[in-house]
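Spelled out from the first residue to the last, the chains are:
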Amino acid sequence: MASTRSLILFLLIQFCFSLLPFSFAQSPATGSTEGYTIYGRVKIPSVGTKEYILPGKISNVKVILNGGQRVTFLRPDGYFSFHNVPAGTHLIEVAAIGYFFSPVRVDISARHHGKIQAALTENRRGLSEFVLEPLRDEQYYEVREPFSIMSVVKSPMGLMVGFMLIVVFLMPKLMENMDPEEMRRAQEEMRNQGVPSLASLLPGAARSN
Amino acid sequence: MAMAIRVFLLLLFFLSSTNIGYSLYEDQVGLMDWHQQYIGKVKHALFHTQKTGRKRVLVSTEENVVASLDLRHGEIFWRHVLGTNDVVDGLDIALGKYVITLSSDGSILRAWNLPDGQMVWETSLQGSKTSKSILYIPKNPKSDKDDLILVFGKGSLHAVSSIDGEVLWRKDFAGESIEVSHIIQSTDKIYVAGFVGSSKFYVYGLNADSGELLKNDHTILPCDTFGELLSVSGDKFVVLDKMRSKILTINIKNGEISYKQTLISDLIKESSGQAVILPSRLPELFALRIDSLVLTIKVTNEDDLVLVDKINNAAAVSDALSISEGQHAFAFIQHEGSNIHLFVKDVNDWNGDLLKESIIIDHQRGNIEKIFINNYVRTDRSYGFRALMVMEDHSLLLVQQGEIVWSREDGLASVVDVTTSELPVEKEGVSVATVEQNLFEWLKGHVLKLKGTLMIASPEDVVAIQAMRLRSSEKSKMTRDHNGFRKLLIVLTRAGKVFALHTGDGRVVWSILLHTLRKTEVCEHPVGLNIYQWQVPHHHALDENPSILVVGRCGPSLAAPAALSFIDAYTGKELNSLRLAHTIAQVIPLPYTDSTEQRLHLIIDIDQHAYLYPRTPEAIDILQREFSNVYWYSVEDDNGIVRGHALKTNCIHKIVDEYCFDFRDLWSIVFPSESEKIIATVTRKSNEVVHTQAKVMTDYDVMYKYVSNNILFVANAAPKATGEIGTATPEEAWLVIYIIDTVTGRILHRMTHHGCQGPVHAVFSENWVVYHYFNLRAHRYEMSVIEVYDQSRADNKDVWKFVLGKHNLTSPISSYYRPEVTTKSQSYFFTHSVKAIEVTLTSKGITSKQLLIGTIGDQVLALDKRFLDPRRTLNPSQAEKEEGIIPLTDSLPIIPQSYITHSLKVEGLRGIVTVPAKLESTSLVFAYGVDLFFTQIAPSRTYDSLTEDFSYALLLLTIVALVAAIFVTWVLSERKDLQEKWK
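So the sequence lines, in the order shown, correspond to chains A and B. For the first sequence, counting from 1, position 102 maps to 102 in the UniProt record's numbering; every step adds exactly one. For the second sequence, counting from 1, position 706 maps to 706 in the UniProt record's numbering; every step adds exactly one.
If you're looking for bench data, these hints aren't it; they were derived computationally from the structure. Glycine included, C-beta positions come from ideal geometry on N, C-alpha and C. Some hints could be false.
Claimed, not checked - Heads up, incomplete: computed chain A residues facing chain B, CB under 7 Å, no partners named:
1. Q69
2. Q139
3. Y140
4. E142
5. M157
For reference, chain B alone in the conformation it holds in the complex (with noise of 0.2 Å):
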């Protein structure tokens, strides 16, 4: 019997662990997963309607994507995601059916097929200067010769053929110093129009088909232009000059250069703002705004300027489209309240309005910055006209009728920071599920379910039980699941807009464009910084809403001034802003909440000052109480200096704010500039739980664990090799690597890894920290683990110790005395790059862990943190391996099934998030980039609960064969017996 129970149980054991880790069945792929695509903020665009068949837009974006996107649902054709600092400069059209892209500053030209994407040809570009980058594809050029691309970049004039890409003539203005803005063709000739300095305005004629210079003119203009040249027609400019008070038009009729000086006061009488010229590329027209005032201004024949229209409160000016011979129309904006009216008019026929249409668009959306029209045929043979908008929140939508045809949240390409928040509990009165289903319906569904286990469902039932598995899973519910599955992700993009995506299927449940993070007169460029949890309310706060902290910045450089949002989490409105008067440098949440459980922020400017939030007495009350046990630090990346600081007294300052605090500075770590670069630091996330402090090793020899809040991992690189791999030998590269315990600024270990380089990417999590850098002797990445172990517990191991009370488990652990630690540590060989680097949490950490690593590919691989072990040997021993140490690789291995992200690739991904679920074995997984993804992993398998595909039909047979059987046989047993009895 009990060799029987063991037999049973090693079974089972055996079936359980037949399959380490994550790993999914194909239809099991979007039921507890969602992946949504992006493209980003369109830069330019082009319609491509003219053939039958799928009418398409194609965008580029910055993001740095290429995309073709279906003009009907608004769907990506295709996408490429160019690298990061590939940034499209040119987009357009050559023979009907290549997309022509200009990117990397004029340096790199590709053409992409249209239908499917397929990149046809690619063509670098050679030059020696850095310049203005302009893709010009001549329209309508002779039938019988090659489709010519001209492009200027790198300080050259390249003639490409757009068959093949091949360069057919190139032209150096490198020696000219000539800022080259625009190209205009004629017949067979080309002419290059541009600034050398500010005021003197050259043109350089050149022969089409060989690149020949033919002649050159230059004129000295009598006063310094302001802003870009703009082209009005074929041989017409228009400029600004230096005090934005004249217009100067610009012709080069046959390579002579005229000029014309018309001052703005004499277009229109009571002009006071600074005027602009707006880009927009009209026939015979430009824009000129002053204030919120459009002007539309002809260019006649004679370079006169004549007034045409004023425009109140335009936003935004479409360039022209041809529509028939001789006829071009243009679109702009103009915003009334939440209405939006979009105008597109006549160039030549300024008294009609080919289209008067009013929107009303989501102001959470902001205003629109950018217009592009398209123009169809109605039936009745009138010409229709579809906009695209692109808004300030980076979303786009496409207007076609007075109506949104559809629109993308591209907002959400670029994730800046991201945090999560609970539902609402679910109370009475809130609808569960509806639909009740009988019992019959339940079991054949499970009927169904069983079929599908076994592998003889019909495709019919196959998309049944689909269908079934998403209608009963219930995770798009709103509120607060048992298992802790549902829950907001709260994003912040680089536009200003918060998110909240729900994590059941990633719809947006709310979104709020934040003022504070608007482009004001004030605020020129404000970025998002982060965002916080701010207010989490459970146990006797339940009434509250939680609620978030974005913090903002009025432009990218430190000095500039700071902004709070406070947002609800469940509603999305903004509950309060403050525009700081102070600076932000860092903000530190602290482990502290008041009575409302607010949590305590410090918020340091660059004026070394401490601010705290909220400004409450309660908080400064709680403040004062651990005021001494304040500890933070700050790291210098360009002088190579590590700080700790600790709060000292309230601000001396003229005014007398008690929310503010002075600082001290208690250690800091300066590491020698000429043969040490910080290039990475991380420490241990603040919500971390760790369930045991002791390891028990193989030989029942217990380890400590060295598990502290305050430490610190900082990667150091030698100054030459900080660079690209390629830039430095291994001779002169090597990695330094510091844990720094942030307390005391004591460095606990050190390490040098030499012949190695960064990029580094590291993540710390309880006692060890994982690194990921390149190892140039070997020329292949690497991943190394220090485990950090605490010696002066290392003694606890005697039970009688801790009969008689002589252990130290009880005494404090205090900086003040020096910790004695060990380190493990072990490197292996990864294969691919990595891009982010994060470690599952769960909300006991009594699960293993698992490694979250976003490879080059945008694939996010599942790596079990036994793989690095720094214990693991060649040969481990019986004991060892019953403990689950792998025998020593040198690599680590790459086990497909093991990609969370299975098929699908998160294109340019920047980040991944880890939030431990309510379910112990669960951890949620969001990865961000241009595209999102979301999903569930249990690294050691759901062990505390029953699986999706957890079949009740099976077992409730089971129950009823064995009930069936027990009866027979009690039957069978009693006749039995009876029949003993009469003998």
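Only chain A is shown next, with the shape it has when bound in the complex (with noise of 0.2 Å):
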């Protein structure tokens, strides 16, 4: 994950750098109905190797234009394209299992032949180039802890044990310090009101209730 993030991160430098006129609108063919075409390009890492490579989940990818109005899907190389595009702003959203997306805001200017700006809304970041990244991986189940001591130990159980454990070895301990005679005592009232000999173990305990 960190490796991921790294490299996200370097190419942003990257696209930084090369800050090259870039349009991803192309005006339409004349003569047709008005309206332009999205270019776009998702783009998922694979988890532990350095190069972007596509996996093979990819044709289960969706790319989700205005809440649902139109729906494709990407090419093996991960490009997609909406047509027939009217100006304007619009909400491009990616599904895929296992990551997520931040939508993005697209804005198409008329004036400008359909030149095409885009923005991430989750962090507000523009976007130089259409190139659609996860913003993080889903992880969707609950990771089982491995086999330790602390996991027994922590399990309302081994919490049961160990109370008992403190109780029978540490109270004795506890009781060393205290006054012989005055413990008599209570042995003896204890004795008296016939609780039985199990209880005589626990004076402390019987006290403090």
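Starting from two chains that each stand alone, build the complex the way the hints lay out.
Structure (structure tokens):
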């Protein structure tokens, strides 16, 4: 995960250096209905390797315009396009299982022949190139903690055992500091009350109650 | 000691609170949830069996799904659900490796890789007018040429390369006003044939390489035509005339048009009904349906028509299939009771059948609507045939050698409405678990489970644990369970079929194709509307089975006559059905039941009458008693009016009907049409239980929730901003929110969100409403919450008032006085588009609520209501933190672990239904779309029962260890005592 994050950062820096004039849109063929074409690319980093390769699951990725108005799919190289999109401000979302993509705000300017500006809505970051990358991976399952002593100790039953151990071994230690006479008196008192001998093991507990 | 207890409790609390809400381990998948994938009703099917390896069938469906199915088992190899308005018009295979689909009225052409379903290319086809769309792939092109795809769409003809989707040339026919109906290719020429108007027949000849217009010709037919033009062979067409008494045969040999007319009465003497040409493509032949008779008619080389055969009761006729050089076969189906006869005949040889099989198909599947055939070579080198059948209930069957090889219940891809029913109570004599486990096995199982939780299990152990869990859960039993997890989900599908699904494993318990919702001559396009619980017996009527009510209508318009069906929920038998004389605009389940626990329903028609069901004198009595307490409202979206109604008198009709009532309008709210348009209304669920009316604030102040069943949330958008995102600017968009009391018509709360637009998805629960909309200024989605509190009872805080009886808690809540309410609201950003939104329901309403949000990615996210608390502040005080108030953030968090669909997708998600289980902590969730998904969720974890992975073995071990320790220490202490005494 750390490697991908740093890689995204690296790419960002790279983009900053390569501030080439780039347009994602293409004005429509003459004579047809008004509208522009949005071209873009979805890049999904493969976990573990340093190269951007497209995993086999790319065929299940959907790109959605304006909350479901249009849905398109990715080509093998990750490119997608929406045709005949009117000028205005639009929203593009990428639905991919296992990744969290920020929706993208897309402004198509009618004045500048369909010049497109894009920005991620989650962090308001502008995109100099229409390449959509996941902000983070999504892990849908809890990860089972591997076996450790701590997990057993922390479980309710482990706590019960621990508590009993404390009572059995630490309490007598505490009682050693007590006045022996006082203790004898207390024990006698208890015997008079007919408390079973088992309870006499825990005079400290009986007292604090 | 007290300190120790406190530490212990704190630790316990810490442990239990580390994990908020819903989460799942990977090995728990499938324990409580199930997921079923469907495709919908098949429109086109293509077999791909030429090559060795996997045999498959490619389909496109009415749910806009393109899929590849395994021909052996019917499983899905791959599947793509296109957008909702991306209807698939054509499906074909190009180059033997690409699946080509034409969609969106002939404007989007896509190629999918045949083995894995990866999209290879996508081309947008331009055009200026809408027209019929045709996909045509020449089957035997010259080998040196690019494999061409010819597409007619948007009024132009496009030639597209099938390798990369590039448009090679385009010929616009928009100026010619021709309705193109056929594309014919001959060696290097392409002919486009079609009508202008209904009697002028045009043929254009184009150069196949450049699209250059070579010639055009037209002729005026002697009469107007009816229906579609059917191509019989390369250059011959047939069409019916307007009177449907003549068949016109058109021949365009070498671009010259000639035609002939033949009277149908010449072909068949006793013809009476209306003739229809069936759209099956057969070489030199066509099929004509008159009443129940199907005539196969041969077109000779001289364009004469010869009657070949008459088939009685033919249900479906397939396209012709080329089985060898010059040999074509086609299939048709004959119904005979529950038996179905499948015939495969050679087109040129009518005397013998290539195949004649009779199959028994469950009559709940209805008639066969479509049939597709495919051949294979048997071991003895003869031809065998398999047939893919699309049934009336939208299910898909593959028939081979007289048997159903596999079937798919694809009607479940189009669920219209859902309700639930309890299962029968477990009675004596009903077998419980038959296999009794001995103690050793039981212990062994738990030791295995313990190993699993401690992560020291081997892979075999993991498999054994999974199997054991599934076996031990008893989740698919057919009886009611103590926790109320086992229920029947009763779903109504678009095909008019009702299915009962078991919540344990999602299997179909029973299904019934309702005859009230079947296509008949009187009722051309029946639609199922809703499904209601009609009779829910408990307590004194337990011997009766519960029943459900299905409401349908004869057509999509409100004025179509309605039909009701009553179905036994245990057996799936139709108890009764009614074809109503009146229409249905609204069905109102009343909160009253009769002595057999049948719920009273009011059906409102479009002529301002209300009809009471069930039609019994007892029901009338009950209604008369509550006559003045029945209120309802209606929403007129188009006019922007919300009205409130109450019953008035019996109908004033010529025929006396004591179950019919007139009603009066009590109030109406007319929204200004120039500035507001109703886009969403939502109300509380009538079965929701609210546990407490009061909410204690951090400063020990008490707020009273305004809980009312008669409360309506209305969202209005600016008329300019009712379209999609991107069509309106922030300045011309606003959203106005109303909360309305539906008895009095009082507006309790009104709020405007400037710069916002729909679509609005909302959910109302207890005293709050949460709604999702789009903020154009921030260009993000937002979710807002409004909580309504009753101010009139706010002074009931003083204990002395309660003691002295001066509080007003017992005073009845009346709609006559004006409620003093206050509202608290707050808005948060939310990342995704939303398709559906729902809230968890529990049986007592004690458990905290979670919102279930169906996202645009077809996942369902569970979001704690605490995140949508209007009292969240930036820096909550210590007291507020203890109460569980989360620090304010501008957007709602999306925690991947709280997706209740985990790594699955409910493709084409349309709705989410929640049902309370008997166990208070748990809520059952059913999400439907093209797929179905069911799970149980516990919004505050299962605090009232042990979890599935609770380790009894560990508990037992601990107890044994403790007992042993006690005995050891006891013996030790006795010994010590004795020694002390000897001293």
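- Query: Which numbered hints are broken by the structure, listed smallest first?
  - Reply: Checked against the structure, no hint fails, so every one of them is satisfied.
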